[in-house]
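Build the complex: two chains, separate frames, hints provided.
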Amino acid sequence: MRGFWVTVKMGLRMYLRDRGAVFWGIVFPLILMTLIGLAFGRTDSPSFTIAVVDQSGGLLGRGLLEGLRQVPVFRVEEAGDTEAALVRLREGRLTLVIVVPGAPSGEPIRAYFDQARVTDSQTALVILERFIADANLRLARAPQTLRLQATGIAGRIQLRFFDFLLPGILAMTVMQTGLSGVTWVVATYRQRLILKRILATPAHPAAFLGGLVGRYTLTSLFQMAVIMLVAVLAFHARIVGSLATLGALIVLGTLVFVGMGFAISTVSKSPEAANLLGTAISFPMMFLAGTFWPKDFMPKAMQPVIGLLPLTPLVDVMRGVSARGDAVTAYLPGLAYLAAWGAVSFLVAAKRFRWE
Amino acid sequence: MPIVEVVDLFKRYGDVPAVDHIGFVVESGEVFGILGPNGAGKTTTLEIIEGLRRPDGGRAVVDGVDVQQHPREVRSRIGMQLQQAGFFERLTVDETLQLFAAFHRRALPGSDVIHRLQLDEKRRARVDTLSGGQLQRLSVAVALINDPRIVFLDEPTTGLDPQARRALWEVIGSFRREGRTVILTTHYMEEAQHLCDRVAIMDHGRIVAQDTPRGLIRTHAPGTTVTVLVDGGQVRFDALPGVQTVQQANGEVILLTSDPLGTVHALMELNRSGEAIFHQLRVEEATLEDVFLQLTGRRLRE
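Protein chains in written order, with our numbering: chain A, 1 to 356; chain B, 357 to 658.
Only chain B is shown next, with the shape it has when bound in the complex (with noise of 0.2 Å):
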């Protein structure tokens, strides 16, 4: 059953589209991930189904009610962390939540969230004394403290510690098990592949794909990867065997192959016979961070 809707989504800010004609489906109780580089129109686009930006043009529909139409009822039923929102940094953990609750129309009570979020020994510490794991964990926190059904998380993991974002995704995973629906953004591809049942590729404001993630890596970059670092020598890599695509980036040649022993096999024959030079010979299996590569020609990050 969908619970989210979105329908030729339309935003621009000036001349420049944001969000350029989307249309997705979020089903209840999955996880769904918007996964792009930065400025591809991600926060936009979550904003404007949270209610928080009017779109110029199409429509999202969240739990059966326009959002357009009934912007708050929409955030009355919906829980939302925001990107680098702030809290009040001389209240304290607990006296944030009681703000916020006040806010809804119902609330958890506040020490079930804090202790969801393990923030216990944070309680009663004022918000500025926080790390930027526990600020995370808090903005968390507020998007649960309305028991919503469906909880839009932008961007959750950003600037945390492999450990901090570890414990956030077990956070995110519970709510999956609770059966609430999940649309978060990322630009980390292990984060999508890891917590998303669905996710919709996104880039210069448009959907380039959707798909589950093995689904997008099946369509867009079947097989296995094989990278190098090319010091010197010219090679025509699309000749090489099995090689199926090949990507530049950052001074690094990635090989799309079928045959992956293949593939290494030639190229360990151009690096003996000196016509070329190779460093750093990594074989991967393929990921969503190879199915952006071959959809735009770019990585996530640069």
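With the rest of the complex left out, here is chain A (with noise of 0.2 Å):
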């Protein structure tokens, strides 16, 4: 056991020496996000446009119309269909959907929100409210004419895109992590018979491999939180999720990539080739897995592949906790088919190990 926590230890006193990994692990992925957000991300607008759907017809909504249009920071559209309004919603250009009932029905007045933008919708909210009790207190008598009820929707395009990015950029850099280091340093170590010397000790092999392991799993939970706070401060990216549940994710991710690390570096003979196949693997996974922008933007015909990429769930799953708040229960089919991946590859791996 001790024999773990040194290499544990050794290895992040590496890692911090290493300057490549460095990089690669926190300063590439922050360039990635700054450059994708500022080439695809839309700015926060000033100003919420909501749209009111009029069912009543009559006096009431067209004097709630007037008044929301002296609301400086709303942007009011009318609506004549619920339905189609709350798509809008669903799309990100709507901040909030009201409908005015038929006038006698005595039902309230409905907002809708879109429930990943909490913030938005939040903000709109309260000065909504605010709007609603000031009417209700010039209507003379009558204090409770008006009540509103707020109803949230899932929506799915958020507003801002560095909330949609973040959780991409995160699952890219744990799939990197594995792919590309993991299978570079372990040829490596073995082409210099480092991994010979280490076995040349009467030591469990699993002290040390499991020690590299648990050196990967905690690297990527120190770049998730350096690229995280990077996004959060420079870039107002918003994560609705618990982080101690990103942080689960991120540490099954890393996994289930070192894992494919150690497999692709069995299969090749040299640093160079256990990288190249890696990188090979991980390139196009980047782009496919919907890390950067929605996987529906590909052509139909690559669905299914896309759907097949371990890369997929974890993007998915992170996206949805990160940027919605999800329950991971949610995913746990993808979760399972990513657990498969690096069950799959620890065995490979475990069959196939050569220490030189």
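Warning: the hint list may mix true and false statements.
Said to hold, decoys possible - Per the computed footprint, the stretches of chain B lying under chain A, defined by three or more beta-carbons under 8 Å from a beta-carbon of chain A, are:
| # | segment |
| --- | --- |
| 1 | 438-445 |
| 2 | 459-473 |
| 3 | 560-574 |
What the hints assert, rightly or not - Selected chain A positions facing chain B (in silico; Cβ < 8 Å):
| # | residue |
| --- | --- |
| 4 | R2 |
| 5 | G3 |
| 6 | V6 |
| 7 | M10 |
| 8 | R17 |
| 9 | G20 |
| 10 | L193 |
| 11 | I194 |
| 12 | P205 |
Keep in mind that the hints were calculated from the coordinates and are not lab data.
Bear in mind the structure is a predicted one, so any value in this text is a computation, not a measurement.
All C-beta atoms in this analysis are idealised placements derived from N, C-alpha and C, irrespective of residue type, glycine included.
What follows is the structure in structure tokens.
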């Protein structure tokens, strides 16, 4: 056990002294995030676009519309059809959809918002509530005429591109660590007979190999923290889901892709070959798995392939948790598929592993 | 008391036997050398005894433990220095020893081992800044970290300059004084002659002779060698006075003689009369190099 911990400790020191590893694990993902974010990301509009569906056809609706138009941060549109307005809300083009019920029904005014955009939605809702309260006060002797009920719906595209991009970048970094980092490091250790020198000690090989896995798990978490911090501070990316869940997903992803890295290094003759093979696998995956833009952007014919890539479920679950605050349980099939890749990789690595 | 026993060891790579049914016994506390040219099977032999390779036949027992049955137990009782084995280039000397200490059940303090190998100045230096000699000393330091009774050194001084080689000989000599058993391979006959209590000469996977250095010379190359560089002329060297054997290698003629004075005198006569022209006449006491030459017809380093 001491061998394991000392391997982890020394591994972390080696990581911090390895400029290449720090570049590919932190600087490169940040550069990618910046460039892609600037190219595709939309900036925050200072105002909220809201649509009002007036089913009352009467004074109440007209009055509300006029009143809302007086609110400076609201850009008010009139919409005829609730469903059509909700679609636009899902697509991120509206912040709120307000439905004014028919006059005699006694139903409340409904406001729909996108759960994924908590901050925007909450801000707009607070302003709306203030407005309704004012209106109620102004309507003499009828303090509770207007009631508001807010209903959240799940939107499809986030208004803020960085919220969408960040989890993709994190998943990609984990993959890169395994397929480009581990392949190179393990194959180099083998070529330089470092693995043989370790085997020549009485320790169980698992102490060292497990220590390597531990080292990569910790460095992945460290890289995640740095990338998140920059994304949040510099690009105002928002993370809705729990950090602990995201950390656990990073650990799972690291195990899977480190396993793949081990497996690749066992089928390659030299560090160069191992690194090349790892990169050849990771590079297309980086662009296909929905890392930087939605998977639907890819041609329909490619969708079945995209679904089979091990990176795809990791990107999906991380994005779901980070950007939408989804529960992990919604992604169990994908996670199981990802874990299966990890299990197969470790089996291949264990079967083919050579110390020299 | 024998501490290492090797019986009828056999290992082949493809159809080529790398180790061809060899056997030897190493006594506790001695320095035992396996001398031979590159490719003779020295490293393979050593790695089988260390439990790093499986033999195709025969067995090795180290400190009473059968290597094939309990390789890890054997590895915990020995220290080994591997030929060309690398270390983590981004760790320091100190950290490297800490790491390897953690892989052993018991370990000497790193600073002691560093001091023994005269690496004090390089203690905090990263491995990738070390010179060849310092790396080699680190490699021996790692072999010593678990305070082993038996130390295996695979070509410990290959590639070192004479000064670094002498320094390492000092260290290996100190192992012997501490009562450790040392088994080393080398293709330097000076090294075998200087360090080893007994030497096994290995060629093409076989042990062609084993004895003390002195015993080997007495048996296989008694007397003196006279070496000349021949530049034309036909000479029957074996007819010269005292000459026992004649070997030719790299254009040199090496005469093993029981009458060095008579042999040299006759050579000078031939040179003066113009029957043959010689350059660079050397007269030397026979060495293990001559033993190897007598046994195989080749020099150790060609």
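Hints, verified against the model:
no., hint, result
1, 438-445, "holds (count 6)"
2, 459-473, "holds (count 3)"
3, 560-574, "violated (count 0)"
4, R2, "holds (5 Å)"
5, G3, "holds (5 Å)"
6, V6, "holds (4 Å)"
7, M10, "holds (5 Å)"
8, R17, "holds (4 Å)"
9, G20, "violated (11 Å)"
10, L193, "holds (4 Å)"
11, I194, "holds (5 Å)"
12, P205, "violated (10 Å)"
Of the numbered hints given earlier, the model fails hints 3, 9, 12; all others are met.
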